[in-house]
Amino acid sequence: MDPEERAFQERINAGGKIEPKDWMPDGYRKNLIRQIGQHAHSEIVGQLPEGNWITRAPTLERKAILLAKVQDEAGHGLYLYCAAETLGVTRDQMTRDLLSGKMKYSSIFNYPTLTWADMGAVGWLVDGAAIMNQVPLQRTSYGPYARAMVRICKEESFHQRQGFDIMMKMAKGTAAQRKMAQDALNRFWFPALMMFGPSDKDSVHSAQSMAWKIKMNTNDELRQKFVDETVPQAEYLGLTIPDETLKFNEETGHYDFAEPDWEEFFQVLKGNGPCNTERLAARNKAWDEGRWVREGLLAHAEKKRSRQMAAE
Amino acid sequence: MDPEERAFQERINAGGKIEPKDWMPDGYRKNLIRQIGQHAHSEIVGQLPEGNWITRAPTLERKAILLAKVQDEAGHGLYLYCAAETLGVTRDQMTRDLLSGKMKYSSIFNYPTLTWADMGAVGWLVDGAAIMNQVPLQRTSYGPYARAMVRICKEESFHQRQGFDIMMKMAKGTAAQRKMAQDALNRFWFPALMMFGPSDKDSVHSAQSMAWKIKMNTNDELRQKFVDETVPQAEYLGLTIPDETLKFNEETGHYDFAEPDWEEFFQVLKGNGPCNTERLAARNKAWDEGRWVREGLLAHAEKKRSRQMAAE
Amino acid sequence: MSTDPKFEFLCRMGDNALVLGHRVSEWCGTAPVLEEDIALANMALDLIGQTQLWLGMAGEVEGAGRDADKLAFRRDVWDFRNVLLVEQPNGDFGQTMMRQFLFDAWHLAQLTALIDSSDKEIAAIAEKSAKEVTYHLERSSDTVIGLGDGTEESHRRMQAALDLLWPYVGEMFLGDDVDAAMKDAGIAPDPAILRAGYDQLVRDTLAAATLTKPEDDFAHRGGKSGARHSEHLGHMLTQMQWLQRAYPDATW
Amino acid sequence: MSTDPKFEFLCRMGDNALVLGHRVSEWCGTAPVLEEDIALANMALDLIGQTQLWLGMAGEVEGAGRDADKLAFRRDVWDFRNVLLVEQPNGDFGQTMMRQFLFDAWHLAQLTALIDSSDKEIAAIAEKSAKEVTYHLERSSDTVIGLGDGTEESHRRMQAALDLLWPYVGEMFLGDDVDAAMKDAGIAPDPAILRAGYDQLVRDTLAAATLTKPEDDFAHRGGKSGARHSEHLGHMLTQMQWLQRAYPDATW
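Chains as they are written, first to last, in the numbering used here: chain A, 1 to 312; chain B, 313 to 624; chain C, 625 to 876; chain D, 877 to 1128.
Any given hint might turn out to be false.
Unchecked claim - Okay, derived cross-link-like pairs now, DMTMM-like style, lysine to aspartate or glutamate, Cα gap no bigger than 25 Å in a straight line:
id	chain 1	residue 1	chain 2	residue 2
1	B	582	C	684
2	A	172	A	61
3	A	102	A	92
4	B	466	D	911
5	A	179	D	880
6	A	104	D	1080
7	A	154	A	263
8	B	537	B	562
9	A	270	D	911
10	B	414	C	840
11	D	996	D	880
Stated by the list, open to error - In silico contact screen, one side only, chain B against chain D (beta carbon under 10 Å); selected entries:
id	residue
12	379
13	478
14	481
What the hints assert, rightly or not - Far from chain A, by Cβ distances over 12 Å, these chain C residues were calculated:
id	residue
15	645
16	652
17	684
18	691
19	743
20	747
21	777
22	794
23	838
24	866
Hint data in this document are derived by calculation from the structure and do not stem from the laboratory. Note that beta-carbon positions come from the ideal geometry of N, C-alpha and C, so glycine has one too.
Chain A with its partners taken away, still in its complex shape:
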């Protein structure tokens, strides 16, 4: 390790923040761009499964809450793109990489939302899992990223409560609503567990990322924490987690649970999730059909500028 690198690492070890103008190793920059960009893309693509139910929301209040939530996600996307831009990449470039399939987004959004209870399950489980990942990132070493995460986490935990509230209404509702709630839990449980990524022993970037504090906990730690927090919530709702092996382990003080189907996880990563094709197609369509708008507004701004210059 050369002296520059050593100083960098020591600063991180001491709990200092790295800021955009500071020197940083190429790998740190690249990894952060990948990680923040992927997170930003997840917020953007994540609008789609919930957007799918906005026009079918059952009450005006539920529609407003859901719409505000999806709007927050767009806002999170915006903060995160800004954070990534401080690392020398443009939002346009990242968007192109998303649309071409070169950059990824969280696989969870390749699962479909099929009933209103899914709006509850997404909030409760998906946002819940996201928060597990994100709360420690408020202490991440890169300043702009850490600050974006502070804002995001505040809103996400609000979303999670809203999701749980939907689940509660469903679980305590009519027989059909209870059935919907259970069905949603059945479909989202394992995909939510997958959100923490494969077991650490199979994870590529982990060790270096943890040293750099752009990853704060191992995947397995976070997954266990999520299970431990979620199981009692499911019990409270009167819903059954679709895992017959699930059991509290008195010795460890944690729940033992079944691993998700990692073969499915890798298929989804490869593009074979239930909705990969549709999600990317939807984003591409929005982008392509919006081109004339972006070009039109740009042309107008330029005309305006040159008219002003001519007048001066």
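Fit chains B, C and D to the given chain A structure using the hints.
Structure of chains B, C and D alone, referenced to chain A:
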């Protein structure tokens, strides 16, 4: 009148049929192309307001009946285009004239279908009015047209009965269904009366067309006949015709009734009906988006032909 | 008139907000740029909030136990009282923004007049809403100008949107018995008096946008009276009302 | 298995016909040529008729008083048992015809096998349906060939349709407990045994169409078990079931 024309008119007067290869006056040909083409276009555009409810039909049987009806309309369009083609115009040319707005279709199809009861009202009133117009045309002087009308009339009267059957189910149904039925009658009554065209004194082509037997009755005669037949049917259904002046006239033996709003009629003709823009847009979209299909199938047919020739 | 004119009037205000809010919310996640996604959601949220106020008050005036949700999710097309303009489909982004501008310009004038309503509750709703709609109009007119005076393509699309939607403008200014009753009670203005100011604003905006107002002022009608909506509204309701219709006994 | 496998099986046959018939009927009045409008309507009509037979029988087997209409119009997504392929959106005409071909080829093989079913009623429905589907397959394969081997554009579009839909083919051949029970009872074939003939037919047709079968045979699943449909089905139901949901007490 020159001798050829005189002989032509005498043949018509004697009840003879004119066939495609017979001599005919230019005006006769032109008028027929206009009339048959317009009728064909009406069948085609007429698919749209009913097509609007196929995906919302309330039972499997109702869906099948409605779909079969719309399919019949496409079939009628086909017969009529064929009849018009015997006069030396192509279907493609007529289609282009429809799509550019040069040729007309029946104004009734510029009214929207807003509830399931409209499927009843369209069958009962619109097909009912169409039959009034078409039954006499089975005796029209132009052979191919007369023969097309024979086939069409048989199916149309079947459609009318189906429409009446829907109205009956609605009128004898729940309070909401009765309300729908009455609302449909309210919206379709005057537009149906308009289907016979303005009063004969204001009609341009009438006298010559009647002499040529391509028009068999005056507009007012047919309208009166329609009212006389329809009023008792409405009474049978327990529905109220939206005309406070409607009254049986003991002296004439006919119903007296209010004229439709001819200002509205001319606005619809001009393109200002509730759905003119949408109907033409829908037809243009279907035609434009179908271009690659037509071209593809044509190219394949040519490839096949040349492969066969090469093989011979 | 079969029903209370005040109830009718409140439904008109509420249904305009409900239907346009729904249309705008259909854009969710598919706007041309992220900032527009956020702005469209904001507008939809404002309109949903206004819906709750207007229809909530309508339900109280009616006194038949229907709240805003019941009115929004359990009426069929013929009971809707929104103008035809707001139920027209989104089309492309330009068509959506043109519809928004043509409505906002009327909406703000109407709300501004309603601030002086003899009915204090209506005046209060109008005051709150007018603040939001001031911002809507600012955005929609800016966008109409930006895209009208943008590229050749954006200009062409905006002119097409204007030509398509102009026949739906007139309905907002046509008065009927309900409007007469509202005017007599000092509750709402005669719709016709809003026209001159509207025309002026539209003229200025279209001039800046280099767009040409269609010559024909023919006006479709049938939305605000409920006599004849377009075919689009029914399709919107199949989505909007689905859950309430499928599970009438549930609470959400 | 929570329900009677025969009921499940009949729902699968019926829901395939119901959902595909609905999709095809969405084309009404908007096909590329008049003759196609008529042909598509014919196909939809056949499928609706088959739906009535399969779901009618399902209702009888269930014995809970549900007839074909109740099953079609009053179940929510999770109770539907059609394969994912048939609920995919129409896309362009090429995508519609590719979906049709990929389904028809399986459908005819399945129906042909069902003619030998130990259940006489199923055999009778299959025999009637097989005649109709023979004609469907003839048309859809001709169209796939004609458009695949047509212009450059039509070839490109058909290849894109094939690439898009191929991942939905596998599900038709995946067996489960329901299929095993049907096979044991001599009611229906093991789905897997239909694959070889299907692949042969598809290979020949795609060759004539100058199209290339995707290499990856990955198969989406979740439709025929009902475990996870696509998002499209729910949207279809909002339209399909609207009237029955909005007016549950009416007869039509």
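Which hint numbers does the structure go against, in order from smallest to largest?
When the structure is compared with the hints, numbers 1, 6, 7, 9, 15, 16, 18, 21 and 24 turn out to be violated.
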